[in-house]
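Turn these sequences into a full structure, and let the hints guide you.
If you read the protein sequences in the order shown, they are chains A and B. Letter by letter, the first sequence follows residues 24 to 392 of the working numbering. Letter by letter, the second sequence follows residues 24 to 392 of the working numbering.
It is possible that some hints are incorrect.
The list treats identical chains as one, so a pair stands whether inside a single copy or across any two.
[What the hints assert, rightly or not] Subject to a maximum C-alpha distance of 30 Å in a straight line, what follows is the list of computed DSSO-like cross-link-like pairs (lysine-lysine):
id, residue 1, residue 2
1, Lys187, Lys299
2, Lys340, Lys187
3, Lys380, Lys336
It should be emphasised that the hints constitute simulated quantities derived from the structure, not laboratory data.
Given next are the chains, with one letter for each unit.
2 protein chains.
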Amino acid sequence: MKIGLLGFGVVGRGVYEIVNARADMHIAKVLCLEDISLPDAEAVQDFKQILEDDSIDTVVEAMGGLHPAYEFVSAALDAGKNVVTSNKALVCTFYDQLLPLALEKGVLLRATAAVGGGIGWLSELERSRRVQAIREVGGIMNGTCNYILDNMTRLGLGYGEALKQAQSLGYAEANPSTDVDGIDTWHKVILSSNVAFGVSLEKDTVPVAGIANITAADVESFTVHGLVCKLISTGKRTEDGYSAYVQPTLVSAGSLEAAVPLNYNLITFLGESSEKMSFYGQGAGRYPTAYNVVQDLVDVLSGKGFYAPYGGKAAAKNDQAMAYYVRGGWDGAAAEDWGSGVVTEPVPVDAMHRWLKAHPQAFAAGIRE
Amino acid sequence: MKIGLLGFGVVGRGVYEIVNARADMHIAKVLCLEDISLPDAEAVQDFKQILEDDSIDTVVEAMGGLHPAYEFVSAALDAGKNVVTSNKALVCTFYDQLLPLALEKGVLLRATAAVGGGIGWLSELERSRRVQAIREVGGIMNGTCNYILDNMTRLGLGYGEALKQAQSLGYAEANPSTDVDGIDTWHKVILSSNVAFGVSLEKDTVPVAGIANITAADVESFTVHGLVCKLISTGKRTEDGYSAYVQPTLVSAGSLEAAVPLNYNLITFLGESSEKMSFYGQGAGRYPTAYNVVQDLVDVLSGKGFYAPYGGKAAAKNDQAMAYYVRGGWDGAAAEDWGSGVVTEPVPVDAMHRWLKAHPQAFAAGIRE
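Printed below as a string of structure tokens:
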């Protein structure tokens, strides 16, 4: 296997290191805008040098971002090259373009590191599908949010302070919106649902609420009530289709999710035969992410492509009701007043997300039964 | 794939159901001592009717126990049939017979359900080995012990009461020794270490201590000190070889292990690139176990055999020291007195297990840092 590696940042360097220790694959060229020199690979600054090199059969995309990642990956697939990527935004956003293109061209596309980083999550969904139907996927899919919420809960920090700490450790970006507004988790749960259920969820039917408005007073209330707040994603089959959403969620202090520390992930599926299965590990970081990129390369070597068939478009329907903790002008029916906020009577998920869009300063968290 | 199924109990019936819904495999004969009649398979009472049927290419062993399971499985391998089993005692006890035999005969042997039931644990170790070295395996591998310890911790039950509850729910046998004395966990950690490290651990170098002597007063002490007791297995590479043992272990009340409820399992590996990865799910039960048996059958269809090469014999060395909680005549150095028992100064693991053998009424639990 001769590889063209796009990007030489955190993940790209990790992939380079792991691949260089192997005999069954070789990174021939590395696309990198900086002027680098590598002992075992040619550094190039123009993607064409990889695209037009017929000896390169597989492209690893480790640049991140949507553009030019999408153009490069599409061109590589179109040119008959296999593609492995860790880019969840890319695969989620262009699911309806990339999957059909790979199928049409008869090439292999894999993206295990895109959800769960070092966790073999998409690959386990793929394995699971061989024997059972999956009913539900979801969990803690973003290490940045978990780090912030965990430090707020354990150390009593305010949101701003916890975010700063995450930033100083490199767990959060200078502009943390993709993480704290739940966008990263949203990409991941859509991708997971698509693989688990063999569909292509219509993204605008999957609502997302983030953690940016949470305060120390909210967290104090949760602790008093034996609850812990986590950013949790849900994707499930329902009687009449699918439901999918991302929102802060209050879980019991004794639950497995509540015990997830620091920047770890915990992702769960419910299978018809296996029942509940959860996967815990590093959802990001150089070596965990690079590990699953190389796992994908090994699978490409044995002819494995995408995890599930490309399914038809499906809208998520989120009209099931649950109780929420809300702070910030809730005008609906309230069941309890916790001082810092109220607990609502059951509200349909989609209605609560519409209300949150209209009240951008408010904070809400679903209460898991 | 034409299958001979040995045993029609909890697991066997689950396998039968799942396989019958598939087009790529067929259970032709079922060995069952009771007189049953099945619509899609021939019920036989003599193993020879399966062994000597050349049209049967694969045998599923779901009888449990060592004999005649070992004789049947060996004969099947010897006759050129692939074997899938969920029997941890069998594969652990006869590792040095079954693996070489399968290799010699060029047939496939798999046993994913033997560790973790429905968790794809051995199969994930197999996947992991393709890209990284594994440093450590272990965790909560026995649902019966977890159920008993969890109920003692959460409900304040005594050991006898918690055991009775587990028995009444079918989680513990009438003679619970295999579970509560740690034998089941011992089989599983030896098997996991063998696969993870590509060795064959000498079983008598792996000490095991169980939970049968724990009391409500012990558990109360642990709670006061922010600790939770779990039966935890450990297998790891060390600087000069391997270490492996099973013992009650005190973990922090906020840890992931402490949050494992009821009869669930939580198994962990530490990989060089992936770092810590944990797997949570049903370690037993009809459908979870049958699920992984059928996963193995799918893998056999694609030519996958055992998870790791058959490695050389290796002795575990357990001379590393840790602090223990001990009750029952500890005469060594103590660092703290907790009333119900003492906390020792660091003691080598092997020394503590020797002491426990000489003091069969005592209870000890390693304290995880």
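Results for each hint:
no.	hint	verdict
1	Lys187 / Lys299	between (35 Å within a copy, 26 Å between copies)
2	Lys340 / Lys187	neither (36 Å within a copy, 45 Å between copies)
3	Lys380 / Lys336	within (25 Å within a copy, 63 Å between copies)
Figure legend: structure checked against the earlier numbered hints; the only hint not met is number 2.
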